[in-house]
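One letter stands for each residue in the lines below.
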Amino acid sequence: MRIESREQFETLQEKIRAAETDNGNRILVCCGTGCLANGAKKVAEAFAEQVGKRNMDAEVKLLVKNTGCHGFCERGPLVVLQPSGVLYTRVRVSNVPQILEKTVDNGEIIPRLLYKNPADDVAIEQYSEIPFYKNQTRVAMRNIGRIDPTAIHDAIGAGCYSGMVRALFDMTPEQVLDEVETAGLRGRGGAGFGTARKWRSCRRAEGDRKFVLCNGDEGDPGAFKDRSIMEGDPHSILEGMVVGAWAVGAHEGFIYVRDEYPLAVLNLTLALEQARYLGLLGENILGSGFDFDIRISRGGGAFVCGESSALMLSLAGKVGEPRAKYVHSTEKGLFDLPTVLNNVETWADVGAIAANGGAWFAGMGTNKSKGTKAFSLVGKVKNTGLIELPMGTTLRHIIYDIGGGVLNDRPFKAVQTGGPSGGCIPESLLDLPVDYEKLTEAGSMMGSGGMIVMDDRTCMVDVARYFLKFLTEESCGKCTPCREGLKQMLAIFDRLVEGEGVAGDLPLIERLAAGMQVGSLCELGKSAPNPVISTLRYFRDEYVAHIEDHVCTAGICKELTAYRILPETCDGCAGCAKACPVDAITGERHALHVIDHDICISCGACMGVCPTDSVETFPKVELMKEVV
Amino acid sequence: MKETCPVETEQADAILEGYPHAEASLIQVLQDVHRAYNYLPCDVVVKVAETLGVPLAKVFSVATFYKAFSLKPQGDTIIRVCMGTACHIRGGGALVDEVERLLHVAPDETTPDMKFTRNTVNCVGACAMAPVMIVGEKYRGNARAVRVGGYLELGGDDDAN
Ligand SMILES: Cc1cc2nc3c(=O)[nH]c(=O)nc-3n(C[C@H](O)[C@H](O)[C@H](O)COP(=O)(O)O)c2cc1C
Ligand code: FES
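Those sequence lines, one after another, are chains X and D. Everything in the first sequence is counted per my numbering, starting at 1 for the first residue and increasing by one. Everything in the second sequence is counted per my numbering, starting at 1001 for the first residue and increasing by one.
Just chain D, with the same shape it has in the complex (with noise of 0.2 Å):
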């Protein structure tokens, strides 16, 4: 899907007011950016180097060294595979076959319907449920993989109990 530009910079002037003008705030603010964007757009990622005074090919190379960035405007929901060790020595490939199989979208991709983009983490910090999977907010520990249609469906809703 193609990205809306131009995008209103509102919401990051009020982010870039909040920290010093510096190249030391460069990687905090594309991470606000980001929050409220859900990705970085390209007329902010300008504004953002002309504001802190960094050249802008300095600012790509941040936004794109960092896995924590994406250029491209992500879906709805973002459905996170972990792929760290305790993961993947339990069963974690089996997940990101499934999530591959059933949205079909390669690793860093969003559906052509903008509601889910599929990324791997290495590791989210909660190996003891191995394995792992995060749909939008929602923890799935000890996922399956004939469950996760179950766990694409229900998105971020927050109902283990």
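For reference, chain X alone in the conformation it holds in the complex (with noise of 0.2 Å):
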């Protein structure tokens, strides 16, 4: 049914909304890539199912939802229970009938499926008690893991699209620049462009056709926020979208989504279909005689086709290189017309701003960067997954406070935040409130809000290579400073991880990086240099020892670390042993084992396995020595 006016709208959502209170026995499923890669959906179809046979004879109706990610993937999957508001943990389909006769029926707590705090190791019931969650805000990730993602009437329900009616009913195009100003809102996908200033740009272009673009490329390795937002909450970016594309005068709208994100497609269509099937997107939007409709398009797996113009390329059909930056997209975009583009969480927000306006934005945030700002907090921490916090929250607060610290308790060494663009910021700058500015001033960046956690046993100069490699991998090869300065640094890099470094590489290395940031015709080559740069400013005694003693402090490059068993604490189990892919360790079971260093690949399967931690790495030189 097509609703006509906002007044049919609003009667709808409250509708919907008077159905929840009425009945608010539910169980939600997270149904994201990470909890579906743990089971979830079959943990989902056996609610379906057994609710679904009590359903039949009883009075109060127990809905089962399926819904997008928490973004607490690793304990997945994840089960809600509302009204209580109990979170189980790694469920698996034999809990099913458990849960709904102990919790369900009778409010009994099943304590071996409620999440441990690993800080003192007290298992908490509430979701919303759960460190983790506790200390965040979210705006842009507003409804997930609250709402099916597949079923309009539950984004309406939350709130979605009011925004939008908003926008349309009682504000002119100005009124919503002029809102989005106030917000202080800043690109959320990489440099942190003035979301007003942009639009305001294209609103001004000439021409009658324009359009508005999300980018939904997410290529930063190690980020993952855009696709939980489109997996699990899509209708908040049609919403800003259609705010935005009033804002500007736009009225066709892409969806530029990374090809390795199938679900996201998925759900992303399905809200097209009935976003349209409503009347909230298509022709005469909900009777306010605006137009305005999407599509979308998947990438084809290029990094550089994140980068603003070479997206728009990519959406013509052409290969994605960029283009210089003299020439405005704002004005001359997608196929050469007037174009705005931004980022998923951008226009997620957008859609917030507009239903609570601009200064309640702005109230959260530090002076320059307002509002809040998702990140994915992976690698060495204990609790991984979506955050999202106030501008200007420290690095400490987030590590140790909602990641819980460091894995294993191991020491902290650095965090990676930027992807490809940014830099590794140390120890010493924990205390750092996260915004644009900070993260540039320490020689990282914002980016898409990707947060690597590094412990002692990551290596810098390895990082550093691993970037190198990635971005010579993804370099478009349009221009030579970057198309060649990736490739030669890139072998100085593969000559210094396996201890060939000579005395000059350091100083070489740094005119290189200096010639690329100038030289490279787009950011992707400007910014290249930068997790080199901040390895070499907080971590130059590791590349020294690389070059100079052949050791790699952190045990992590092969060529450098040889690995051993410690006499002390083996207990003869022979994991190792199995584990070792080249038969290199020798051992009676429940005696000491060895490894024999003339095999060992030191590929460190034997360190990933053994249960008393018995296995340690040293540098390989110490082997030449003992020779000696």
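Note that these hints are calculated values from the structure, not bench results. A quick note: this is a predicted structure, and the numbers were derived from the prediction, not measured. Be careful, since some hints might not be right.
[Said to hold, decoys possible] Interface residues of chain D toward chain X, partial, derived using beta-carbon atoms under 10 Å:
1. Ala1094
2. Glu1098
3. Arg1144
Every residue gets a Cβ at the ideal spot worked out from N, C-alpha and C, and that includes glycine.
Using the hints, build the complex out of the two chains.
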């Protein structure tokens, strides 16, 4: 049924909400990619089946909802019971009857399925009491985990499209621009460009045909907040795009989604169909007289296509090679027509700003960075997953209070932000409040919000080399400084990690980096040296150890590292011998095992399986000394 | 393994019908073709070029620029080991080594029996479960090198539970 007017929309919204207050009995099963990988689909099916049977003769029906990603992927599959708010983690199909019988029917808690806080080993019942969630402020991710992303009524009940209604009926395009300006919203996809400024320049641009685009390419490895929003709350993106289109005067939109995100494509496609069906998208939206429609375009799997000019070329069916920055896409973008491109999270924020006002948004955050920011907290940290916090939260709070600290309580070494354009931030800067300016000052950047925690077993030379390798593969090859600079830099790093570094390498790296920063055509090349520069700035001694002493202090670089088994703690379980791919480990069962260094390939498999932590690394050079 | 030429272009015809015949449709069409044939057969590429009115050279430049496309037939099961940052930090390299050791295939190559094609991807967006590898459609979170053999045998089955 098409909704013809604002009044009809608001009546529908109220109806949905009333139905929810009448019957709040719900079982929410997270069906994000992470939980699905852990078997959430079967759990959801089991709930649906068993609840279906019970509902037949029940007065109060129980609803099973498959939601998007809660962000706490590591503990999946997650199940939240409402109204009690109890969270169960790592739920298996075999637990389903028990949960229904004990908790749903009798309010009895099953302690085994509760989340245990790694800090004090105390089990926590309530979803909202878990430190990982308690400390968050969710704006862009406001509905994720609470709604079924494939049901538009759920989204409407949760408040989605209210901002759009306000913008279309109560505000002129100029007023929307002012509101976004008041909010101080800056792009969430990279450089943090002022959103209102971008929109204004597109509004001013000449021409009747304009475009509004959503960047869902999420190319930064280690970041997945855009994925989660597209999968878990696609309507918030559509709402934001309608508001943006109204503000700049566009009638056509595209969402460019990474090819590796099939579930995001599916849920967005469904969302578009449902929104069109209800008249929230398409011609004469809600009878307002405004037309706007959106199409989905799947990316081809090239990192550089996340860059704005490359993305627009890719949308036009061409090879995605960026062009020089002096041509502004707000004037000459997609098909050379005025275009606004924003990140997924930016669009999700827009809807909330339209609904709650710019001042509300600007009330959170720091002086120049307003609102909240989503991060994917991953790497060597206890609680991995998605978080959203006000700008200006310190790294320490994020990693220790929300993340629960470093995995296995090892020493913290660095946190990497900003993806391949970012850098590594050392322990001395842990009290840094995270915003655009502070991260840039520290030699990193906000980027897509990936936060990768590294412990003492992470080699910074190896990390820098990792990003160089990534970018060498992803450089489009159009300009020489980026194409050749990366290749030569990688060649130097290949030597460094093999212990073949020479005295002049570091100054040479620095000169190359400077050349790439000024000479490259697009931001990919200009920012490519950042991981190298930042690790050189904070961890120069690790580079020196590789070059002068042939030692990888972290015990990661294979050519420089050997393994040995500690006789004091080895209990002879033979796990290492079984795990060794080259049969380098020998020993009787229940007796000390020994590694043959002539055969060992330093793969580290033994270390990964040892239950008593008895395998340690040491510099290979010590082996030579022993021989001498 | 050799491509079986000529291939049936019926499926491609159906795909082409669903899109406006313009350059802007090129990537979307190639994606659908790739999904239907599991690679981009030469005959079909020519057909796409003709139908959309795009020079063949341009179609090839697009087909070779984007990682989503392969001009060689792919194995029955695609193995993708994530080489994103989070996975790299948490030992993704060992998974790559183990796949290589077990199957003797270089990246983007296919086993002679056409069972497996090995691809590396830079982050599949499941970083919280790093290291991750995907066998067919099945995601393996917190994957371990010792278990790789087991993952491969289970192929695309969805069995975690
Ligand atoms: C190499 C490169 C890759 C990029 N990848 C992405 C991406 O995956 N997602 C994204 O939103 N922005 C990406 N950007 C930033 C975009 O160019 C653009 O600034 C952004 O999408 C604008 O949206 P925003 O203002 O809302 O951040 C990338 C930039 C460069 C130079
Ligand atoms: S880094 Fe491997 S899934 Fe993201």
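We went through each hint and held it up to the structure:
A distance limit of 10 Å between C-beta atoms decides the matter here; for Ala1094(D) the minimum to chain X is near 6 Å, and the interface restraint holds. A least Cβ separation of about 7 Å between Glu1098(D) and chain X falls short of the 10 Å threshold, and the interface hint therefore holds. Interface hint status for Arg1144(D): upheld, as the beta-carbon distance to the closest one in chain X is roughly 6 Å, under 10 Å.
In summary, this structure violates none of the numbered hints.
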